[in-house]
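Chemist: Here are the chains, one letter per residue:
Number of protein chains: 2
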Amino acid sequence: MNTTPTQSGIHMANGFDPAEGVALDPAAEQLLRRRDRVLGPSYRLFYREPVAVESAKGVWLRGMDGRDYLDAYNNVPAIGHSHPAVTAAVTAQLERLNTHTRYLTEPVVDYAERLLTKFPAPLERVTFACTGSEAIDLAIRTARYQTGNTGLIVTEHAYHGTTLAAAEISPSLGPNNPIGAHVATIPSIDTARTPADQVGPRLLESVRAAIQQLDARGVGVAAIILDSIFSSDGVQAEPAGFLAPVVDLVHEAGGLYIADEVQPGFGRTGRWWGFERHGISPDLVVLGKPMGNGVPISALVGTVEAQQRFGSEVRYFNTFGGNPISIAAASAVLSVIESDGLVEHAAVVGERMRAGLASIAASYERATDVRGAGLFLALDLGEPDAALTPDPELAARVVNAMREAGILISASGPAAATLKIRPPLPFSEENADFLLETLDGVLARETRSRAGAR
Amino acid sequence: MNTTPTQSGIHMANGFDPAEGVALDPAAEQLLRRRDRVLGPSYRLFYREPVAVESAKGVWLRGMDGRDYLDAYNNVPAIGHSHPAVTAAVTAQLERLNTHTRYLTEPVVDYAERLLTKFPAPLERVTFACTGSEAIDLAIRTARYQTGNTGLIVTEHAYHGTTLAAAEISPSLGPNNPIGAHVATIPSIDTARTPADQVGPRLLESVRAAIQQLDARGVGVAAIILDSIFSSDGVQAEPAGFLAPVVDLVHEAGGLYIADEVQPGFGRTGRWWGFERHGISPDLVVLGKPMGNGVPISALVGTVEAQQRFGSEVRYFNTFGGNPISIAAASAVLSVIESDGLVEHAAVVGERMRAGLASIAASYERATDVRGAGLFLALDLGEPDAALTPDPELAARVVNAMREAGILISASGPAAATLKIRPPLPFSEENADFLLETLDGVLARETRSRAGAR
Numbered sequence: 002m003n004t005t006p007t008q009s010g011i012h013m014a015n016g017f018d019p020a021e022g023v024a025l026d027p028a029a030e031q032l033l034r035r036r037d038r039v040l041g042p043s044y045r046l047f048y049r050e051p052v053a054v055e056s057a058k059g060v061w062l063r064g065m066d067g068r069d070y071l072d073a074y075n076n077v078p079a080i081g082h083s084h085p086a087v088t089a090a091v092t093a094q095l096e097r098l099n100t101h102t103r104y105l106t107e108p109v110v111d112y113a114e115r116l117l118t119k120f121p122a123p124l125e126r127v128t129f130a131c132t133g134s135e136a137i138d139l140a141i142r143t144a145r146y147q148t149g150n151t152g153l154i155v156t157e158h159a160y161h162g163t164t165l166a167a168a169e170i171s172p173s174l175g176p177n178n179p180i181g182a183h184v185a186t187i188p189s190i191d192t193a194r195t196p197a198d199q200v201g202p203r204l205l206e207s208v209r210a211a212i213q214q215l216d217a218r219g220v221g222v223a224a225i226i227l228d229s230i231f232s233s234d235g236v237q238a239e240p241a242g243f244l245a246p247v248v249d250l251v252h253e254a255g256g257l258y259i260a261d262e263v264q265p266g267f268g269r270t271g272r273w274w275g276f277e278r279h280g281i282s283p284d285l286v287v288l289g290k291p292m293g294n295g296v297p298i299s300a301l302v303g304t305v306e307a308q309q310r311f312g313s314e315v316r317y318f319n320t321f322g323g324n325p326i327s328i329a330a331a332s333a334v335l336s337v338i339e340s341d342g343l344v345e346h347a348a349v350v351g352e353r354m355r356a357g358l359a360s361i362a363a364s365y366e367r368a369t370d371v372r373g374a375g376l377f378l379a380l381d382l383g384e385p386d387a388a389l390t391p392d393p394e395l396a397a398r399v400v401n402a403m404r405e406a407g408i409l410i411s412a413s414g415p416a417a418a419t420l421k422i423r424p425p426l427p428f429s430e431e432n433a434d435f436l437l438e439t440l441d442g443v444l445a446r447e448t449r450s451r452a453g454a455r
Numbered sequence: 002m003n004t005t006p007t008q009s010g011i012h013m014a015n016g017f018d019p020a021e022g023v024a025l026d027p028a029a030e031q032l033l034r035r036r037d038r039v040l041g042p043s044y045r046l047f048y049r050e051p052v053a054v055e056s057a058k059g060v061w062l063r064g065m066d067g068r069d070y071l072d073a074y075n076n077v078p079a080i081g082h083s084h085p086a087v088t089a090a091v092t093a094q095l096e097r098l099n100t101h102t103r104y105l106t107e108p109v110v111d112y113a114e115r116l117l118t119k120f121p122a123p124l125e126r127v128t129f130a131c132t133g134s135e136a137i138d139l140a141i142r143t144a145r146y147q148t149g150n151t152g153l154i155v156t157e158h159a160y161h162g163t164t165l166a167a168a169e170i171s172p173s174l175g176p177n178n179p180i181g182a183h184v185a186t187i188p189s190i191d192t193a194r195t196p197a198d199q200v201g202p203r204l205l206e207s208v209r210a211a212i213q214q215l216d217a218r219g220v221g222v223a224a225i226i227l228d229s230i231f232s233s234d235g236v237q238a239e240p241a242g243f244l245a246p247v248v249d250l251v252h253e254a255g256g257l258y259i260a261d262e263v264q265p266g267f268g269r270t271g272r273w274w275g276f277e278r279h280g281i282s283p284d285l286v287v288l289g290k291p292m293g294n295g296v297p298i299s300a301l302v303g304t305v306e307a308q309q310r311f312g313s314e315v316r317y318f319n320t321f322g323g324n325p326i327s328i329a330a331a332s333a334v335l336s337v338i339e340s341d342g343l344v345e346h347a348a349v350v351g352e353r354m355r356a357g358l359a360s361i362a363a364s365y366e367r368a369t370d371v372r373g374a375g376l377f378l379a380l381d382l383g384e385p386d387a388a389l390t391p392d393p394e395l396a397a398r399v400v401n402a403m404r405e406a407g408i409l410i411s412a413s414g415p416a417a418a419t420l421k422i423r424p425p426l427p428f429s430e431e432n433a434d435f436l437l438e439t440l441d442g443v444l445a446r447e448t449r450s451r452a453g454a455r
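Quick note, the sequences are listed as chains B and W, same order. Position in the first sequence (first residue = 1) + 1 = this note's numbering. Position in the second sequence (first residue = 1) + 1 = this note's numbering.
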């Protein structure tokens, strides 16, 4: 077992398990009971003791228990929780107009123009939707229609979304989630256990094998879809550039390269887009989570060529996609990222975090690898053996001890033994130092208690 | 040809066709050029001369041309454009907190409790998403997992959404949109051409045949999915009750009944939900468009039984689904519908509209049928022959003449010859009378000019 058990066989990293019978804060306990009576059975909570949230500002969440929690996990409120620029923009737009794109309205055009300046020149058209899942789903439809092929290549621990088509390319959802017959998976990139000069060549070989598989199944290659920071595969960032040869290979096979930038996009990795680190230009780019700081908006950006056939021959209309209030939020986010220099900030504070984590890892033999780019960081916990055997129980204990200490992070990766640290972008050097210091203390206690338990 | 040609073979009722070379207002013309340079090729506009919108309030849109347009088409701003209750609720929430459902927050629970009181008792759990398409997609996944079957039954001119799985059950998207191999279509209900006592029996027979087809294909019946007001099938409302035997038949075959309430839900038909008119209770109900008055939110409401297997065995998490700001909007919408008595209002003004349209139809032999429920109304235009041969060109002329006269409606139905009238719910008796009077004048001119042209 490498994840926390929840209900009926579903395993989710850092999931709350009611069966553990943890005593909750009375307000949280009461809310949880009410919640269980009305929300569908899919809903899951984070942490051994779920966090009941009252309000949030910047990088801080205020709990119903009156405590403040440093948010080092949420990438949706990218420019900080409850940012006044988003509130002001959305409020002004709500007072004025909120309709759809079958009428001509100016905000969606203004924003599209601004957004596209952040992309390499061939990426010159954008289609708006509401969620990353919708944009991935549209990317799949677009790529299939464009290429005439149906085969898709993803990593074996990929997560790309919740629609039927997105879930079919999301093996990380577990054994009960069917993977499509037209899907070929490649091994997760595993930079902790792979010599740096072998990361690219091994990936290239596995993509070549996947192409052969899809050809053998008679479906061809419509696209390879890769999260540019490989979030659910445990955060795989180095050596930057390892993706470049893969793109050429997929193009030769007649497929498109779809960059899933839902996680790395909008400055997270210290660049505007994760694919930039690899020196490549995608055919289609999927944007989501941080785009509107939590106001639902997503987008598919692409070359004219990649979108032309589907766009001109198949009807697609997303009622809420690109509506003026979502656009107002997205426009405010873009402005704040620019005016506050958050891309550069993510690079600088991210590097301080990476160095700090590396320094901590040097002190604890069970901290087996540190990875990341910008403010997307990962620390593996496991055995100091040749296989760096992952230790998901230790990861769960550390995540929950951090929560007790007032800092929210989570666990991720194929073995759920990777600490995932991904704060709102305004995370300061002071916040970083507080996190590093607290993590140091938690690891000291938790690795000792582990040893003691043996 | 029964619809307006747009680009490269796509036909869409009431679509703008740049090839017609209509002279536009200069501001609109300039915005259109900018738009075409940045938005994806899927985007389409309404009307021969697209409407460029500056602002909106209540049931009125203000154009960039300085004119006011009476909105008799948009069901998303259900409680009226720019409603101050939505603005206030969303603004207050944006200032305080916007996070996701893996933390405990109170608004989503409060709203779920309130929403579920509007449903029959067995419908007691709700899962939130962002768009009707996402909720339909989740309903499909849920029904398939629950029943172990994959077959789906829909009408031959159904529209259920834009994700790959939703588009596969949306034949109204046209010939380039592939319909799934597990989909059986039944003929559109056509109450204008069917004796009232035959509507139910014919539907039942076609569903029986569809079940046999799916059994013969070896896929079984996972669900029948029906828009309770049959919007894209031309608005089919009477005789109320015709759906009841169908539900029993599908249940006997092992399938679920999914009510698509994206169009009729939240009071549109003069009842809270369209399915109520048929005296039935669905297994799953899909909610969307009007739910947040334009702030993206949707939901899947269902029985515990229908949702249990998928919910407990498959991971599903929608990042923006049920987020506090979407919930704030939805909660304000529910309050206003209740406090302003909009369900009853829709019934009363809708009946005035229906009677007025029937009176108009009595004066014009080319107005061949009037249908509807509450504030969802339809008027067919066609030949006064035995087949009531539809006249989509006349419908397009009437829709555009109404736009010229300052009233926004559209055309719909399998032949695109049905005027679709579906205003925000606060549409007043005065608004109704203005629309009826204007339509009378337009029909007088357009049916005469048609006769003259022959």
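Please keep in mind that the hints were generated in silico from the structure rather than gathered at the bench. Every value quoted in this text rests on a predicted model; they were computed, and no experiment measured them. Warning: the hint list may mix true and false statements.
Claimed, not checked - The calculated EDC-like cross-link candidates involving lysine to aspartate or glutamate, where the alpha carbons are at most 16 Å apart (straight line), are:
id	chain 1	residue 1	chain 2	residue 2
1	W	Lys119	W	Glu438
2	B	Lys119	B	Glu339
3	B	Lys119	B	Glu277
4	W	Lys58	B	Glu339
5	B	Lys58	W	Glu96
6	W	Lys119	W	Glu107
To be verified - Per label pair, the in silico range of CB-to-CB distance:
id	chain 1	residue 1	chain 2	residue 2	range
7	W	Glu339	B	Ala445	44 to 50 Å
8	W	Ser336	B	Ala217	45 to 51 Å
9	B	Ala89	W	Gly342	31 to 37 Å
10	B	Glu157	W	Asp216	47 to 53 Å
11	B	Glu430	W	Ser313	42 to 48 Å
12	W	Ser313	B	Gly255	54 to 60 Å
13	B	Asp69	W	Glu114	54 to 60 Å
The beta-carbon is built from N, C-alpha and C at its ideal position, and this holds for glycine as well.
Chemist: Of the numbered hints stated previously, which ones are contradicted by the structure, given in increasing order?
Modeler: 1, 4, 6, 7, 8, 10, 12 and 13
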